[in-house]
Structures are given as C-alpha cells and as structure tokens.
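Here is what each chain is made of, one letter per residue.
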Amino acid sequence: MGDHHHGPAKGLSRWLFTTNHKDIGTMYLWFSFAMFILGGSFAMIIRAELFQPGMQLVDPLFFNQMTTLHGLVMVFGAIMPSFVGLANWMIPMMIGAPDMALPRMNNWSFWILPPAFLLLASTLFMEGGAPQAGWTFYAPLSTTYAPPSVTIFIFCIHVLGISSIMGSINIIATVMNLRAPGMTYMKMPLFVWTWLITAFLLVAVMPVLAGAVTMMLMDVHFGTSFFSAAGGGDPVLFQHVFWFFGHPEVYIIILPAFGVVSQIIPAFSRKPLFGYDSMVYATASIAFLSFIVWAHHMYTVGMPIAGELFFMYATMLIAVPTGVKVFNWISTMWRGALTFETPMLFSLGFLVLFTIGGFTGLMLSIAPADFQYHDSYFVVAHFHYVMVAGAVFSMTAAVYYWLPKWCGRMYNETMGKTHFWISFIGFNLTFFPQHFVGLAGMPRRIPDYALQFTDFNMMSSIGAFIYGSSQILFLYNVIATIVAGKPTSDEKVWDGAEGLEWTVPTPAPYHTFETPPKIDPVHAHS
Amino acid sequence: MIRISANPAIDTAIKLVAVAACMFAFVFVVMVPLYNVLCDALGINGKTSGQAYTAVQSGVDEERTVTIQFVATNNEGMPWEFSPGKTVMKVHPGASNDTVFYAFNPLPKDMVAQAIPSVSPSRAAGYFHKTECFCFNQQPLAGESSAEMPLVFIVDRDLPRDIHTITLSYTIFDVTDMAGAAVATR
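Top line first, the protein sequences correspond to chains A and B.
Just so you know, we're using our numbering here: the first sequence kicks off at 47 and counts up by one.
Just so you know, we're using our numbering here: the second sequence kicks off at 38 and counts up by one.
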C-alpha cells in the first residue's frame, strides 16, 4: 500500500511538524494519558484527605483547588483529547481516506493543547493558588472570590476551546468530503457517526463556554456586571450559560464512547451490530435533546414550576434513545459466538456500569427528588459511573482493541484481563458507596464529613487507590506491547472484526488509502 | 449550497468557523438579553421591574388585605446601616402606599450603594409595582451621614387570590468603585 520512500521524518521535528493523522492521533493519546495520570493524582489527594473525617492532610483551600483541577484536567485534558486522538487515528482508516481533510490545522489543534494545560497546572504555584470554584466554576466564586490565577484559567479555557473547535471542524470536513466512493453515510461505521454528531455538538457549544469565560473576564477586569447583582447582573445567568454548554458537553464525552462500544461488541459477538439505523437515529436524538435539558443541573435555583416540569420531562425523554442503544448492544450479543478478550471485557463493563449511571441519572432527573440529591455525593457517584465507567472504560477498550493494529504487536492478554478486573473492582468499590453517603446527606466538594460516613469513605478511598494503581499496570502493558509484544501481521487481528481499518496491513503503514478502497455495495457497515 | 472555496474541505471548514462565530455571538446578543427579558416578564428570581411603574386608575380593592414584609440585607463587606422604616405593612390591592428605608454610612468617606430588590414568592413579582424606588438609582451618601430613601408601591388588583403575604427584600451593595467617576461629579 503506500509509497514507502516518504516515511516519517526523524527526531523531534517529526512530532512537531507532523501533519500525519496517525502521528497526531498518537500524540493526542499519549498527551491524554499523561493528563489522566495528572488528574488521577489530584483525585488521589482528594481521596487521601477523605480517608478519615476531620482535617488530615491538606487545607480546605488546597482541597478546593484539587477538586477543581481534577475535574478540569479529566474532562478537558484526558477524556476529550483521548477521543480526538482516537478519531484522528481511526476515522480516515474507517472511511477509506488518506488523511484528515485539513492536516496542518490538525497539527495546530494538538500543539496548542500542551501549553494550555501546562499553564493551567502552573496556577497551582501562583500567588493565591489555582482556581478553586469547582470544574463548573460558578460565578461569583469564580469572579468576585477567585484568586488572581483565574485570568490564566480563562485564557486556558479559550485555548483548549479553540483546539476542540479546530479538531471538530477537521473531523466534520473529513467525514463529509473524504469518504471513499461508495461509502455512503448509512454505511459508515458507528464510531464515525457518533464522532460526526459529537463534532457538530462541539462546534455549537464550545463557543458558548468561550462566551461564559469571556463574560467572567469582563466582570473581573473590565467593570461589567454580567454575573454581579450589584451592577444589575445575575449570578444565576452564569449557570444557565454554563450548562447550556455543559449538558451537550457530557454527550460530547459519551457519544464517541458509544461509538467505540458499537465497534467492539459486534467484533467479539461475531455478529453485525443489531439495529444500525436505530443507533444512528438514537445518537442524533440524544444530541438534539442535549440542548433542551440544561436546567436539570440547577433545579434548586428557584425556577418556576413550569420550567422544572419542562426540564424534568425533557430529561426523562433522553432515557428512550439511550435505552434503544443499550438494548441494541444486548441484542447484538444475543446468540452471538461470544469471547471475552480484554476489549470485550471493558465494553461489557461499560455496558453494565454505564446503565447503572443512566438509572441514577433518571433518579436525578426527577425535580422534586433532586432537591435532596443536589450537590451530594449521589451526584458524584452518578457522573463517575457515566464518565469513568462510561467514557474511560470504553477508551481503554478501544486502546486494547486497536493497539495491535497500530503497532503490529499483541498486548499481554493475561495482564489485560487483570487490568480489567482490578479496574472493575476498584471502580465499584470507589463509587458505589458514594451513592449511600450521598443519599444520607454527605455534600460534595467538602474536605470533611460527619463521623457516620467514615466507613463508606474509607472503602471509597481504598477503591480509588486500587483503581488508580491499576492504570500503572495499563501503562506498563501498553509500553511492553509496543517495545516487546508478540509480533502479529494478521490484517484482521480479531477474527470477528469488520471494517476498512482491518483491510490495511498490520502494523498500519504510515500512509494508508492513498488510493481509495473499493466499497462492496452489498456489504454494509461493520 | 453556496460554495465559498473551490476546495470542498476548506469550504466546509469556513462554514463551520462561521457557525462557531455565530454561537459565540449568540451568547451575548441572544442568551443574556433573553434571560433578562424572561426574568422581567415572568418575575423569575423575584426580579421586579427596574423601571418606574405608571399608575393606572383601577380603584382600590377595600375587601382584600395583603401583608407586605420588608427585609434589608447588607451584601458581604458593605458597612452601611440599612433598615426598613416599617418591617410590616397591611395594604389594599390597587392603593398607593409610601414607606422609607434608612441608610447610614458610618465610614468617613463618600460612598455609593446600589440596592437590589427581590420579591418572594416570585409569582408575586409581576404584581408588585413600584412607582418610586431608591433602587432605580445608585445612592451616593457622604461620609458619616444618613438618608431616608423613599419607596412608593402599588399591589396589583390581579394579584392571585392565594397570595396573602409578599416579602420585599433589598440587598445593598457597595458600588463605590464601579461608580467611580460619577461620584466625583456629584
């Protein structure tokens, strides 16, 4: 395939100036893993402090900085870039394109990210410390009461917003213009579909986040009063603007995860995905609904009853397309020839745990009940079930699934399965007890708690240390695979896998599909 | 479709940049004004109109009495003494009522304050009309001096029958820094 006289450049300049989608995808994946470790170490500090009641290790101001940076780094630094990296690697290979449509912009969208996060992390060492208002940075905590580093934080949000928008534009331009002849929209693999829809969500809402932080900047430095009641503004306005971005944002995180699982479950069930069309429509419905449910994050601000009811019913409606997806995955497995290699284990872990997170989401959607759950550890448990067991588990599954294709070597299956079981047990030990302490009234983002919550918090902390250390095993397994894994040259590393990416040689050459592949008109999507 | 560039990928990208720019503008030109309009119109957050109400002749409903409670709160760091002249009034819907709030600036410097009203229950906000209110303007006060600040209001005759008590709460903010130049000229 490819003309091999034009391989990658040598040394550092290969990575600095590369426009190759695989190189950029690799950099995104490594960067996001580094951020995952950084955000994870912030979480370890949080859990260490909460191991016992009372003030143990860190002072409350630093604790607040940890919860804030943990959330920001995980959402914007770990999960989102990891899926962008996966999109870079896989979308051109899945639709039979030679590269992304706008390769130079692709280089930029990656390379502005590391400086932004370096700046964000450096706020820890600034006078007044890092931002401390939580990852949702509600005004006036993030304006009137913010440390001086909030200005740096706003700049970082702008930069990573620009990065996300550029990355999304690239994905949309690639999918719309570079599909191989015969690759119609309804033949695209579901990962491509979910990313196409995600990219549209990003283009629509990242500018809204940019608007929110711009208003903060103006309130802090230029004397406006968007969020200050004294000057005629309203702090509640911040919450509306933030969540108008924030709710689509959670689907931006989870939709690509849906896509990954929709690739992996059919491969290890050795059956085509059940209900492909309905999967596409369900994804689009979820994306649409995400724009009209934002106020369910703020039931307690004093909305009129009509507003509460509208947002409650609209939120419950999301359970319908999500349910369609879950049932389709289960139906895909029905009477399939199932095997349980590591990618499948992580996908099944995703399926079970994400569904639990979905159910607690339904509980939270009930406006009158939410007044009790609001800002409690129940909410923390809920969104970690969908963010970690949803997005992170599926991302992990994706790495195990495509790693042999990327580097031409097999990972160690025993170590992979061990990684899964330690993760699964550690994760549940961390977050399941948080449902109970949350229902019993333990508030989130507080460094101390009432004595009766001690046992469950100790379990949570131990679980978190287990889950955290299992990622070291993951890192070791990935590096060991790249350096010394068992070489494989099978085009189809997995016998049940379908799709164009499995038709190129293994390891995937630097350039693929320089001439578009022929798409079998009968053979549909994978 | 309009083609902006001959290269289809660049064409798509330019259109998407335009979408992103529109969404950024949407925050400022649609979301913020729309929020304020909706809050004013529906009385969300207990916001009352920031404009003086022009009284309409509608007659007084002598049959009905509504209790009005007044609350005065200082925002964090605001040193003024701030209190309502009367904490409770019994009024008839449709009648015009007068009351005052007192403010005293204990510091030896000139200051400017802004009072922000909020009505509870918020459903009543749209029926609580102020024909004159100190909250319509910023209140400058010289150092160590006091002021009586007038409030004239009418409770609308259409106030829902199940509302018997309305609480009007003012929070007073120090806006000396914001007012800045304006103070010097007064």
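Calculated directly from the structure, the hints in this document are not laboratory data.
None of these values were measured; they are calculated from a predicted model.
Heads up, a few of these hints could be off.
Covered stretches of chain A (in silico footprint by chain B; criterion: 3 or more residues with CB under 8 Å from a CB of chain B, positions within the stretch not fixed) [as the list claims (entries may be wrong)]:
| id | segment |
| --- | --- |
| 1 | 107–114 |
| 2 | 143–157 |
| 3 | 222–231 |
| 4 | 336–350 |
Stretch-level coverage of chain B by chain A, calculated; a stretch enters the list once three of its residues show a Cβ under 8 Å from a Cβ in chain A [said to hold, decoys possible]:
| id | segment |
| --- | --- |
| 5 | 41–49 |
| 6 | 63–69 |
Where a beta carbon is used, it is the ideal one built from N, C-alpha and C, also for glycine.
Comparing the hints with the structure gives:
no.: 1; hint: 107–114; verdict: violated (count 0)
no.: 2; hint: 143–157; verdict: holds (count 3)
no.: 3; hint: 222–231; verdict: holds (count 3)
no.: 4; hint: 336–350; verdict: holds (count 4)
no.: 5; hint: 41–49; verdict: holds (count 4)
no.: 6; hint: 63–69; verdict: holds (count 5)
The earlier numbered hint that this structure contradicts is number 1, and it is the only one.
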